[in-house]
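Now for the letters of each chain:
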Amino acid sequence: MAVFQAALINEIEKLYKKKKIMVAIIISLSVIIIGQLIIVGMRTGFGLRGVGSVEFPILVLSVVVNTILPLFTALVAIDCFSSEFSNNMMRVTLTRPVSRFKIFSAKVTTIVFFILFNLFVLFVFSLLAGFLFNANSATAIGLFKIVISYGVSLIPMIVLALGIILLTNIFKNGTSVFFVSILGFLILKAGAVIFSQYSSLFITSQLDWYNLWLASSFPLNTIVNQLLIMLGYAIMFFTAGYYLFDKKEY
Amino acid sequence: MNKVIEIKELNKIYQNGRGIMDINLEIYEGDIFGFLGPNGAGKTTAMKIMTGLIAPDSGDVRIFGHSITEEYEQAMAGVGCIIEVAESFPFLSAYENLKQFSRYYPDVDDKRIDEVLELTGMIKFKHEKPKKFSLGMKQRLGLAAAIVSRPKILILDEPLNGLDVEGMIDIRKLILHLAEKERTTFFISSHLIHDVELTCDRIGVIYNGKMLNIDRTDNILQNYATLENYFVSEVERNGRVPSSTNQ
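If you read the sequences in order, they're chains A and B.
Letter by letter, the first sequence follows residues 1 to 250 in the numbering used here.
Letter by letter, the second sequence follows residues 1 to 247 in the numbering used here.
Since the hints were derived computationally from the structure, they do not count as laboratory data.
Be aware that one or more of the hints could be misleading.
Derived EDC-like pairs (lysine to aspartate or glutamate); straight-line CA-CA distance at most 20 Å [said to hold, decoys possible]: (1) 126/B <-> 114/B; (2) 131/B <-> 79/A; (3) 248/A <-> 57/B; (4) 248/A <-> 84/B; (5) 18/A <-> 128/B; (6) 99/B <-> 13/A; (7) 19/A <-> 96/B; (8) 17/A <-> 71/B; (9) 248/A <-> 128/B; (10) 248/A <-> 71/B.
Stretches of chain B that chain A covers, calculated by requiring three or more beta carbons in the stretch to come under 8 Å of a beta carbon on chain A [claimed, not checked]: (11) 47-57; (12) 77-87; (13) 91-103.
Every residue gets a Cβ at the ideal spot worked out from N, C-alpha and C, and that includes glycine.
Take these sequences, add in the hints, and give me the full structure.
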């Protein structure tokens, strides 16, 4: 466990020092500010209500889970794996008394922490923006729903990250991984529309699964069903990613 | 003497047909073993297998009795190495780079990091990032990273790459100092035969992926004027055999 902890601290330190987190915070804040300005503009200019304080964070989430969050996740996953492969940096880590499984797990955990952190930043700032501009519509149940929505959004993002990690272990350079990830994302999004009866099987559709948790009659069966599908994807992506990582020669 | 590295029937053939074949080798505690061979002979392949960077087709390497393929963490616990190029993270300072490696060893603290930076002449660049370093400085930092854990074995692939004359002398002194004071065992590959002659007490010659001969440096120098003469003689003698049989 001490070896895994050391590997994890090292990975977090590397991510922090590359200042990717700062960029993620700045862009996340920009999305929130732009979103809130649009709503204020609609309200004052056109007399439309827009969204209330508890609806604004959900609106932000619906935008970011399909845009900047997968984008940042892809960039961080590529940075953790492809960048180190291409610069021979992986040798520096691999020639220490730490198994490849622990290094792989530490990298995956770091990416999960990054997604969690990014969701947390979005949650806090979108909530603050919502309260600042429309405090009178706030309720405890509304707040609870926001927490649940942001919390459960972590799961499909982890599955997506594991899928991108698998790609980083298949393709040699980060640019290929980035473009294949974007292309794959768009194909899956289009596929979910064309083959709507199978859309629940597509990981890109599961990014919006937080909506299930907001339904007035709690769809337990659908939630369990989706959760198991995501778990299946996660196990397959992790296993395949680790297999390729373990077999790689440096 | 204690056997610290045991290489048994090691084979690794790449798709281009090159690689290493049936390498058998034993390294004993306190040895400064020089691994000589021309470019493409298989030195780096053997060293990469020894450090777990690539897997062998067959055979095994045991370090302190632990198999590198099956008990990697235990095998590498007492090993420091530089393979091909001394890499470091360019966005971390020299200190932060060493701190990263030190976390895997419970007894390595900041004092030890300063000590190795001092030993390798890098203390004044402690807070600078390697992206601004020259090749020689990167090599020194790589050496600092290799010795920071007080390893019992150092596996060094071309450790003098990029160093100027002063740097070469410093590193040679450091190797001899560690071998003498801390009984560190060295496994060194170098194309600088004169330097190997001055540093190593046992020599192994590899050619075309096969181990040709292993002997003590003093024995070699009794029969040959220089190590270079011995190396050329070994390579010519063994290298010509297969080509003459093919004709």
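Against the structure, the hints come out as follows:
1. 126/B <-> 114/B: Satisfied, since the Cα-Cα distance of roughly 8 Å is no more than 20 Å.
2. 131/B <-> 79/A: The given pair, whose Cα atoms are some 17 Å apart, holds under the 20 Å limit.
3. 248/A <-> 57/B: holds, 14 Å
4. 248/A <-> 84/B: holds, 17 Å
5. 18/A <-> 128/B: Answer holds: residue 18/A to residue 128/B is near 15 Å, not above 20 Å.
6. 99/B <-> 13/A: At roughly 10 Å apart (the allowed maximum being 20 Å), residue 13/A and residue 99/B satisfy the hint.
7. 19/A <-> 96/B: holds, 15 Å
8. 17/A <-> 71/B: violated, 32 Å
9. 248/A <-> 128/B: With Cα atoms ~32 Å apart, residue 248/A and residue 128/B exceed 20 Å; violated.
10. 248/A <-> 71/B: Holds, because 18 Å separates the two Cα atoms, which is no more than 20 Å.
11. 47-57: holds (count 6)
12. 77-87: As far as the stretch 77-87 of chain B goes, the hint holds, because 7 residues have Cβ atoms under 8 Å from chain A.
13. 91-103: Coverage by chain A holds here, the residue count being 6 at a Cβ distance below 8 Å.
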